Amino acid sequence: MNEILKIENLSYVYGKGTPFEKVALDNVSVSFEKGKITGLIGHTGSGKSTLVNLLNGLYKPTSGTVYLDGKDIWENPKEISKIRFKVGLVMQYPEYQLFDETVRADIGFGPRNLGLSEAEVEERVLEAARFSGIGDDLLDKSPFELSGGQKRRVAIAGIIAMRPDVLVLDEPAAGLDPRGRREILGSLRDYANRMNASVILVSHSMEDMAHYCDNVVVMNSAKVYRTGTVNEIFSDAEGLISVGLDVPMISRVAKELTSRGIALEGELYTVNGVKDAILRYVKEGKR
Amino acid sequence: MISDITLGQFFPGKSPIHRLDPRTKIILATIFIVAVFLASNPATFLLLAITTVVLIGISRISMKVILKSIKPLVFILLFTAILNILMTKGDSAPLLSFWVIEIYTEGVARAVMMALRVIILIVGTSILLTYTTSPISLTDGLESLLSPLKLIRIPVHTFAMMMSIALRFIPTLVEETEKIMNAQKSRGADFTSGSLVKRAKALIPLLVPLFVSSFKRAEELATAMECRCYRGDKNRTKLVKLQYKGIDFVFTFIFALIFGGVICLNIIPYKFDSFGLIYDIIFYKV
Ligand SMILES: Nc1ncnc2c1ncn2[C@@H]1O[C@H](COP(=O)(O)OP(=O)(O)O)[C@@H](O)[C@H]1O
Ligand SMILES: [Mg+2]
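Chains A and B, in that order, are what the protein sequence lines are. Numbering-wise (my numbering), the first sequence opens with residue 1 and increments by one. Numbering-wise (my numbering), the second sequence opens with residue 1001 and increments by one.
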């Protein structure tokens, strides 16, 4: 089995024992595989960020267990900070965490905390910068001089520089322009392949899921609604709509065509998939 | 977690105390504070303790919340109590004595009263003000109470606005601190171990982003206010005007009675002897 991270019966309650008690995760079980990109999707407030904060031990589960390589990450609470080097978490709006004088130093913060030598830190900084598309000319600038999208990339590079086995990104593309989106999300496949890492991508955009992920976990009001491959998940458009999500635009086109008697088959959630399906349909129709 | 701090947190509700006019609550809290400091004998403390318990009951704030607000004080309370017990010398024979330590009734009495004073003060004012009054109405009340100062050109409104903005952003700041802390922890930052210098240094990755975003937020807020033509209180009217109601007079009357009671009870003479009231309360009744 290629499984690296697994959660079992995980629950999390905010403000337990106060008037503001709120169950943010309710008995959730999922597993994540090496070399695969798993999308975590759900409408706002469905518990995605909470789940993600549990994966690297920032929050302690109210009940349930997180297993990394088969070991409970809370087995030894004193060692929890070591887990954070293995499960790298890029938080939502990570650009607010930049603090150092130069981009180079900021990206190097994680590796330095790992206790690496300066030479190794430098090597990792350069590698991470390349992964996240940060040009060499930016490395000696102050992070506060950069644009929003560039800051975001620096923050992501700061996590990648630790070379985590599991890379978790909480809505990394929120608020970016389409090109920034493509560039950031596109580099994830590269990371997953080269490091044989498991990448977990949180998003509420179905288009992103369809484009960049292998597997999808759909969350709905603190629970896992469904898990499966992209194909399996998108074949159930009604289910997705019922939990407040939107299917990709192109899936709607395909669905509309089908409902008008043009029965399409195949991967009906990317433009290319639907194009192929239509071409196939047309060819078969001519025969 | 940092957000567990309840001291100074508002719990929305509909209890009679929630419905009091903020000005009344500020005045009552002032009376209460003065009364607590005037209190000097067990009977007065009993009266104030009962008042506090009744206030808790009326406000329907859960006991758990209140205990939690006292929790941070437990250490300092214990510390001063122990000092009081050990350092106070009485006239009568010591209650207990071994080695160099001598404990007198006076010391115990003083320790208990000190602790009670602090607890009653914190709980009473929290119930009257912070737990049951939203920050906005609190500053509204303050502004209205202080408005006579406008006559001598003190910009009361500006101060009130500054205060409400500061209060409004405390939770935001706490939340933000927690978020940045988590982000840096995700990068392996360690805020809790190492020498003092190391720990102070570890705060840099927390403080820099916090300052940057606070300045940014302040600037954005100022711009947004200017865009809506905010010019202080010139020609500004209020959506909800403060208005005293019957309940305000009832509470003020009751508090006046309690205050009178405190002053009268204070006159009751009592001595730190083994037959004194305090001795009874501590060693037989409780
Ligand atoms: N710090 C917090 N305190 C209390 N409740 C919270 C906190 N953070 C999130 N929640 C609540 O938990 C639920 C899940 O939130 P979150 O995990 O942030 O959802 P998502 O990331 O999917 O939008 C929401 O209802 C939210 O209001
Ligand atoms: Mg979120």
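Honestly, the hints are just simulated from the structure, not real lab data. Fair warning: there could be bad hints in the mix.
Computed footprint of chain B on chain A; a stretch qualifies when at least three of its residues, placed anywhere within it, have a C-beta under 8 Å from a C-beta of chain B [said to hold, decoys possible]:
1) 77-85
2) 109-117
3) 256-269
For lysine-lysine, the following BS3-like pairs were computed, each having C-alpha atoms within a straight-line distance of at most 27 Å [unchecked claim]:
4) B:K1150 - B:K1245
5) B:K1064 - A:K60
6) B:K1198 - A:K16
7) A:K36 - A:K16
8) B:K1241 - B:K1014
9) A:K141 - B:K1241
10) B:K1241 - A:K22
11) B:K1068 - B:K1179
12) B:K1198 - A:K86
13) B:K1071 - A:K82
14) A:K22 - B:K1064
15) A:K16 - A:K34
16) B:K1068 - A:K22
17) B:K1064 - B:K1014
18) A:K86 - B:K1201
19) B:K1201 - A:K78
20) B:K1071 - A:K78
21) A:K223 - B:K1241
22) A:K6 - B:K1179
23) B:K1201 - B:K1216
24) A:K86 - B:K1179
25) A:K78 - B:K1198
26) A:K60 - B:K1241
27) B:K1179 - A:K60
28) B:K1150 - A:K141
29) A:K36 - A:K223
30) B:K1245 - A:K16
31) B:K1179 - A:K78
32) A:K223 - A:K60
33) A:K141 - B:K1064
34) B:K1150 - A:K16
35) B:K1245 - A:K60
36) A:K82 - B:K1179
37) A:K82 - B:K1198
38) A:K16 - B:K1068
39) B:K1179 - B:K1216
Source: prediction; values computed, not measured. Think of the CB as a built atom: it goes at the ideal place given N, C-alpha and C, for glycine as much as any other residue.
Report task. List, from low to high, the hint numbers that the structure doesn't satisfy. Result -> Per hint list: 3, 6, 7, 9, 10, 13, 15, 21, 26, 28, 30, 33, 34, 35 violated.
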